[in-house]
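Trainee: Turn these sequences into a full structure, and let the hints guide you.
If you read the sequences in order, they're chains G and S. My numbering applies: residue 13 is where the first sequence begins, and numbers increase by one. My numbering applies: residue -17 is where the second sequence begins, and numbers increase by one.
A few of these clues could be false.
Stated by the list, open to error - Here are the computed distance ranges between Cβ atoms for each label pair:
1. E90/G - A76/S: 53 to 63 Å
2. L91/S - D248/G: 50 to 60 Å
3. S34/S - E90/G: 27 to 37 Å
4. V49/G - L56/S: 51 to 61 Å
5. D269/G - Y112/S: 51 to 61 Å
6. Q33/S - V122/G: 51 to 61 Å
7. P165/G - D20/S: 41 to 51 Å
8. G300/G - M85/S: 31 to 41 Å
9. W86/S - N173/G: 47 to 57 Å
10. G108/G - L91/S: 17 to 27 Å
11. D322/G - G21/S: 47 to 57 Å
12. T290/G - Y112/S: 13 to 23 Å
Since the hints were derived computationally from the structure, they do not count as laboratory data. From the three backbone atoms N, C-alpha and C, an ideal C-beta is built for every residue, glycine too.
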Amino acid sequence: MNVLKNKMKKLIFAALGLTLAVGVLTGCESEEDDVIVLRVSNWEEYMDEGDWDEEEAMDINDEVTIYGEQSLVEDYEEWFYETYGKRVRVEYSTFGTNEELYNQITLGDVYDVVCPSEYMIMKMMTEDMVLPFSDDFYDMDNENNYYVRNVSPYIQDRLSNLEIEGNTLDKYASCYMWGTLGIVYNPEYVSEEEASHWNLLLNQDYYRQVTIKDSVRDAYFAGSAMYYYDTLMDEDFINSEDYFEQLDSMINATDADTVNGVEEILSQAQKNVYSFETDAGKADMVTGKVVANQQWSGDAVYTLDQAEEDGLILCYSAPVEATNLWFDGWCMLKSGIDGDADKQLAAEAFVNYMAKPESAIRNMYYIGYTSSIAGVTDGLILDYIEYTFGAEEDDEEAVAYDIGYFFGEDELLVMTPEDQVNRQFGAQYPTIDIVNRSVVMAYFNKEGNERINRMWTNVRCFDLDSLFN
Amino acid sequence: MKYSFSRKQLAIPYAIFLVLFVILPLVVVLFYGFTDGDGNISFHNFIAFFQSKKTVGTLLYSLVIAVITTVICLLLAYPTAYILAKFKVKTGPAMLMLFVMPMWINFTLRITALKEILDLLEGNLAMHSYANTIICMVYDFLPFMILPIYNTIAKLDNSYIEAAEDLGASKAYVFMRVILPLTLPGIVSGVTMVFLPSMTNYVVLDMVYNSTYIMGSLIGSYFSSYDWHNGSVISIILLIIIGIITAISARFTETGSRGSKRSAIN
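Mentor: Right, here's the structure in full:
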């Protein structure tokens, strides 16, 4: 994928946008009063901004060509006018972390639609900030309801299992992108077996050659998977009837014993790893400064693509102990919508437009993350998967890769080159085995949060005792 | 009368600035530092900071980084500034420009470049993360040390030195008893400009793969977990440290160089 090229274009696009914005600002007095203003806040670089090269157009089947001419936001504005006969103007802004978004909102910024991760949505739900979607949003008969008609049943099922204070997440959020937490590794140095366990972070053979994310939650996940390693790998445990519940409570545990145990493991990891990285990991992987790094699946795809352009083959693995299944979801904020029916209509339509299979494909192509949309109504997503990852017909090494669960089917095989299984394809659409051993890391209560933050400070601060030993 | 009135008027923008961006934030920081989650006045956050081995460790770690950085900067900057200012090198101003110019380039950009050089020399940067931190801090803050020292040396009245030499002082004696005391204000303002930033500039540590927290990163980590109270406590402790340094240095400048106070830029 031409992500780099896209970035260049993005710059030019931004410059053009700026010039246009000046024009708009000077001429905005003439704007009609009945324009709905929709304030959207999304992750940085998390939506297609259009302006593709002509050769980037994807003929994903005989009839459909996917091509991003203008940004999805502009497309949405036009589509909304054509469909509902009302004008909408999107004020699009971005944030860097969930905490940053939360701070912005609590400090007085007003948004109508935001796209935080599942735990932040849960936190905001406990604080009564999120407006549930209307019944109309879930009406399967309405053709414009792209989200309910196309979302993966598997994803929707996982969302409905996430509950906080009696409310389930599927009523308050619509999944935008999802993925796993895993390890990007260089197969020249690190074996597939080594990379399939979180304790790679402690492996002294790779002293100062592996990075971990500078994020308390991601580090905590890896830490607790290592802490409970023996149980998690135990056959009896894996086959036990309440495996899911137990796995969930284990990984989401914030009791003092667990936190202390994880602190010890992460302190060891700190002495062994290359660094706790905020953003350098992707580049360091490509330039070969490190041989493995902890990464979200979407960033992993980006890293793998980048490396491939430089002729370097990297792989991705979601460790077998457990992986963190995460979601970023659109939700509407009460403070923004504020009882305005038109605004809510525009907000729900925005979510639906992003769930349109064409939009989902453009986003996946552009950012490398996996959309929650399965496109069951028109089969476009499956066509895209085959277009992107399908094997050549004469490829004798091709393997059958089952992604049935995502489409709500018992089995759905895609023939793909053998190496794609632990590369981009495997990262974007993990196997049923991986998702069966995945946990959603929930929002911790206040006490648990404080304990984990203290643990994190302890891991990262200078250890006075190390001076005397 | 009219004149003084308009002067007052001229001061209004600055007064507004002062209230909005200096006094108000300070009040907020003090408020959060001395209250707990329920809004009660409490010293608990301070006590907790000094009771925890980890946070005290971070304080010491940052202090050590700052002291080493400042000393190295001073040792490099003083002779450089002296040569540039005193020996009438034709290329003097151009040379000074070369030292100061890096200040015009964003420091993350400069450190990225330096990182690549260090990477060539050392191989795995994470193996020497502490040394690299110091190298990058010195590289980053050196101009802030050179400039004030250069200014005081350049304005140094030569007749003092000549008088000392005429009275029979040796070169070393002249330097120790005349030049150094007279340039102390420059040193002091250089030190204050280097010391505190090198205790808090955690971006440098991030960039050279040093994963240990310094005071700046601790503030960032508290703030990102909505813990305004503990974050403010760290800020207050830093304020106290800089207060102490300023107090000590004010003493030095008082006793050391009464005559050349005007030439100090602090």
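Trainee: Against each hint, give a clear statement of whether it holds in the structure.
Mentor: How the hints compare with the structure:
1. E90/G - A76/S: 53 to 63 Å: Since E90/G and A76/S have Cβ atoms about 58 Å apart, the given range 53 to 63 Å holds.
2. L91/S - D248/G: 50 to 60 Å: With Cβ atoms ~56 Å apart, the hint holds.
3. S34/S - E90/G: 27 to 37 Å: 57 Å, violated
4. V49/G - L56/S: 51 to 61 Å: 56 Å, holds
5. D269/G - Y112/S: 51 to 61 Å: The hinted range 51 to 61 Å is violated for D269/G and Y112/S, with Cβ atoms some 33 Å apart.
6. Q33/S - V122/G: 51 to 61 Å: 41 Å, violated
7. P165/G - D20/S: 41 to 51 Å: 46 Å, holds
8. G300/G - M85/S: 31 to 41 Å: About 33 Å separates the Cβ atoms of G300/G and M85/S, which means 31 to 41 Å holds.
9. W86/S - N173/G: 47 to 57 Å: 55 Å, holds
10. G108/G - L91/S: 17 to 27 Å: 20 Å, holds
11. D322/G - G21/S: 47 to 57 Å: Given range 47 to 57 Å: holds, Cβ gap about 55 Å.
12. T290/G - Y112/S: 13 to 23 Å: 20 Å, holds
Of the numbered hints listed earlier, those contradicted by the structure are 3, 5 and 6.
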